[in-house]
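A.B. asks: Build the full structure now, drawing on both the sequences and the hints.
The primary structure of each chain is shown beneath.
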Amino acid sequence: MEAQKRDRGLLYIDTDECKGCGLCVEACPPKVIHIGERLNHYGYRTAVYAGSGCTGCGICFLVCPEPGAITVLRATSPQVGAKRAPAAGVEGESSCASN
Amino acid sequence: MSSELTSDYTVVHTKSKAFYERYERKDDLQHQTHFCPGCGHGNIHKMLASAIEELGIKDRTILVGPVGCGVFTYYYFDVGNVSAAHGRAPAVATAMKRSSPEGIVISYQGDGDLSAIGTAEIVHAANRGERITVIFVNNAIYSMTGGQFAPTTLIGQKSTTTPGGRSAATEGYPLHVCEMLATLEAPVYIERVGLGDNKQITQAARAIRRAVENQVRGVGFSLVEVLSPCPTIWKMTPVEAQHWVRDVMEKTFPLGVFRDRTREAQPLPQQKPAPPLEEIPGILGVADADLPEGNAHAMEGSREVDLQVRIAGFGGQGVLLLGEVLAEAGLDAGLEVSWLPSYGPEMRSGTSNCHVRLSRQPIDSPLVAMPDVLVAMNEPSLRKFDASVRPGGWIIYNGEAFPREYERADVHVLARPFTRLADELGDPRASNMVMLGALLGIADVLPQASIDAALRRLVKNPRWVALDERALDRGRKIYKEAHEGVLP
Numbered sequence: 444m445e446a447q448k449r450d451r452g453l454l455y456i457d458t459d460e461c462k463g464c465g466l467c468v469e470a471c472p473p474k475v476i477h478i479g480e481r482l483n484h485y486g487y488r489t490a491v492y493a494g495s496g497c498t499g500c501g502i503c504f505l506v507c508p509e510p511g512a513i514t515v516l517r518a519t520s521p522q523v524g525a526k527r528a529p530a531a532g533v534e535g536e537s538s539c540a541s542n
Numbered sequence: 173m174s175s176e177l178t179s180d181y182t183v184v185h186t187k188s189k190a191f192y193e194r195y196e197r198k199d200d201l202q203h204q205t206h207f208c209p210g211c212g213h214g215n216i217h218k219m220l221a222s223a224i225e226e227l228g229i230k231d232r233t234i235l236v237g238p239v240g241c242g243v244f245t246y247y248y249f250d251v252g253n254v255s256a257a258h259g260r261a262p263a264v265a266t267a268m269k270r271s272s273p274e275g276i277v278i279s280y281q282g283d284g285d286l287s288a289i290g291t292a293e294i295v296h297a298a299n300r301g302e303r304i305t306v307i308f309v310n311n312a313i314y315s316m317t318g319g320q321f322a323p324t325t326l327i328g329q330k331s332t333t334t335p336g337g338r339s340a341a342t343e344g345y346p347l348h349v350c351e352m353l354a355t356l357e358a359p360v361y362i363e364r365v366g367l368g369d370n371k372q373i374t375q376a377a378r379a380i381r382r383a384v385e386n387q388v389r390g391v392g393f394s395l396v397e398v399l400s401p402c403p404t405i406w407k408m409t410p411v412e413a414q415h416w417v418r419d420v421m422e423k424t425f426p427l428g429v430f431r432d433r434t435r436e437a438q439p440l441p442q443q444k445p446a447p448p449l450e451e452i453p454g455i456l457g458v459a460d461a462d463l464p465e466g467n468a469h470a471m472e473g474s475r476e477v478d479l480q481v482r483i484a485g486f487g488g489q490g491v492l493l494l495g496e497v498l499a500e501a502g503l504d505a506g507l508e509v510s511w512l513p514s515y516g517p518e519m520r521s522g523t524s525n526c527h528v529r530l531s532r533q534p535i536d537s538p539l540v541a542m543p544d545v546l547v548a549m550n551e552p553s554l555r556k557f558d559a560s561v562r563p564g565g566w567i568i569y570n571g572e573a574f575p576r577e578y579e580r581a582d583v584h585v586l587a588r589p590f591t592r593l594a595d596e597l598g599d600p601r602a603s604n605m606v607m608l609g610a611l612l613g614i615a616d617v618l619p620q621a622s623i624d625a626a627l628r629r630l631v632k633n634p635r636w637v638a639l640d641e642r643a644l645d646r647g648r649k650i651y652k653e654a655h656e657g658v659l660p
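Top line first, the protein sequences correspond to chains A and B. The numbering used here numbers the first residue of the first sequence as 444 and each following residue consecutively. The numbering used here numbers the first residue of the second sequence as 173 and each following residue consecutively.
Simulated from the structure, these hints should not be mistaken for laboratory data. Where hints are given, some of them may not hold.
[Claimed, not checked] Dumping the calculated DMTMM-like pairs for lysine to aspartate or glutamate here, alpha-carbon to alpha-carbon at most 25 Å: (1) B/Lys198 / A/Asp459; (2) B/Lys407 / A/Glu480; (3) B/Lys423 / A/Glu469; (4) B/Lys189 / A/Asp457; (5) B/Lys198 / B/Glu274; (6) A/Lys474 / B/Glu274.
The model shown is predicted, which means the values in this text are computed figures rather than measured ones.
C.D. replies: See the structure below:
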């Protein structure tokens, strides 16, 4: 829990809406999304968040073709983010123009 | 999500409010689209939805959907939705925008829709500088129908209809819509973007937002072409398809801005809104007072009426007007009527005829194959229709004498030089009304009030109304002098 709180971003994936295309896995700059083993309702192996390391850049949201499969959150207080700023996360931030 | 986890976080990206919460197309999993995994439509839908939500225009957006995989826009977008016939979205969007200038009208089309069957519509909408936004989704193939070759298919690309790959020699070259439209004067913003990698995707979102924003500012025609992956038909994984957009498709369709006058463009002056429906009769010169009141002089009683008339002559003789006055009077009298004109492209001196039916019962067909009355305004018309007259029927013929070769024992004939008679009344052009007068004498089924009303509705010039009334009287007298009523 503490480790997750220190991340600058947070990610939720609706595994029922996800069709397992894998574009978010490819796009994620800090590489914290992978395709899981579990099959969903439709028989797709869906995207799964590693649980930590999200920078909140939001690129996974943009590359995901489903309207609501991915929800991205970002840390509100500056201290939360400052404690952990992995290099990959910085890169992700700069590549995400929509923020 | 637990509140403990999210207390320090705020949502920055989530499903746009411009989407419906649930899509009623399917019975279950109603929050999932119908698109294949990795389909570019989903991304473009999301970009468009964010633009609509961010610009606060959800309640005045009208989305014109295409034919193709993108057809179901109305299941997803909680905005006004219209479906257009294949390729016609820009024409429909034009109508939408012009009739609702406050609306934000977005035409969403694929490459089969926009660049094949709809080429004319998009070129002319762009050339007119319609203040609409067009999202052009280009995946270089007809996907929904199973992968046929499209105008945008790449050279060498295989499709079900170009199994050996597209060849320039037989199928021509890929159509570059942005480049083509950028040769026109009117468009304000034209850009091609792709969904080939993160960078391209973020640029695509920016371009789509800008194209919509341009319309909010009212500056003019904006089009964004999006190179979009179709993993299913391209037979690739979603990730391979994404790379193919960037590594292969982009070589044929270079990304970039082809026209950008958004900065210097001034909001165009408000187009005059379409007139309200109630003003249109006045504009067309058929104002309320002149409009058919319908059944104004509905006839009492249950007398059967079934009158079938064929009127024929040269164009310019008033053939169609004669029929119109008859039909209009029938309408006024509360009858079922039909009026079917039939003429060639010549406005004058070509042959012209019309079919008129008046009946108490609903009319099964407007065609009059066996008329009760034939009004033949010249000899060729008589020759053509003489034999078709129902036995026991009438022929009203415009001529000094009825030609012997057309005489029939089983029909009544009223032959007079109607043109000369009309000339005596003041104008030879009133000959049609003299003949109508004779016809009304023969088929005495309409009240005089209905005929007067019809004449006033159809003939605007009071001088002509007066002449036509004299002509009708003259015609009735001619009939009376010759015969007494025979037809019911």
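A.B. asks: Are the hints correct? Go through all of them and say.
C.D. replies: For each hint, the structure was consulted:
Straight-line distance between C-alpha atoms of B/Lys198 and A/Asp459 comes to about 14 Å, which keeps the hinted pair within the 25 Å bound. Restraint check for B/Lys407 and A/Glu480: satisfied, since their Cα atoms lie roughly 23 Å apart, inside the 25 Å limit. Using a Cα cut-off of 25 Å, the hinted pair B/Lys423 and A/Glu469 holds, with the two alpha carbons roughly 22 Å apart. For the given pair, B/Lys189 sits about 17 Å from A/Asp457 by alpha-carbon distance, which is consistent with the 25 Å threshold.
Pair hint B/Lys198 plus B/Glu274 does not hold up; C-alpha atoms about 33 Å apart against a cutoff of 25 Å. The hinted pair formed by A/Lys474 and B/Glu274 fails the criterion: a straight-line CA distance of about 45 Å is larger than 25 Å.
This entry does not satisfy hints 5 and 6, going by the numbered hints stated previously.
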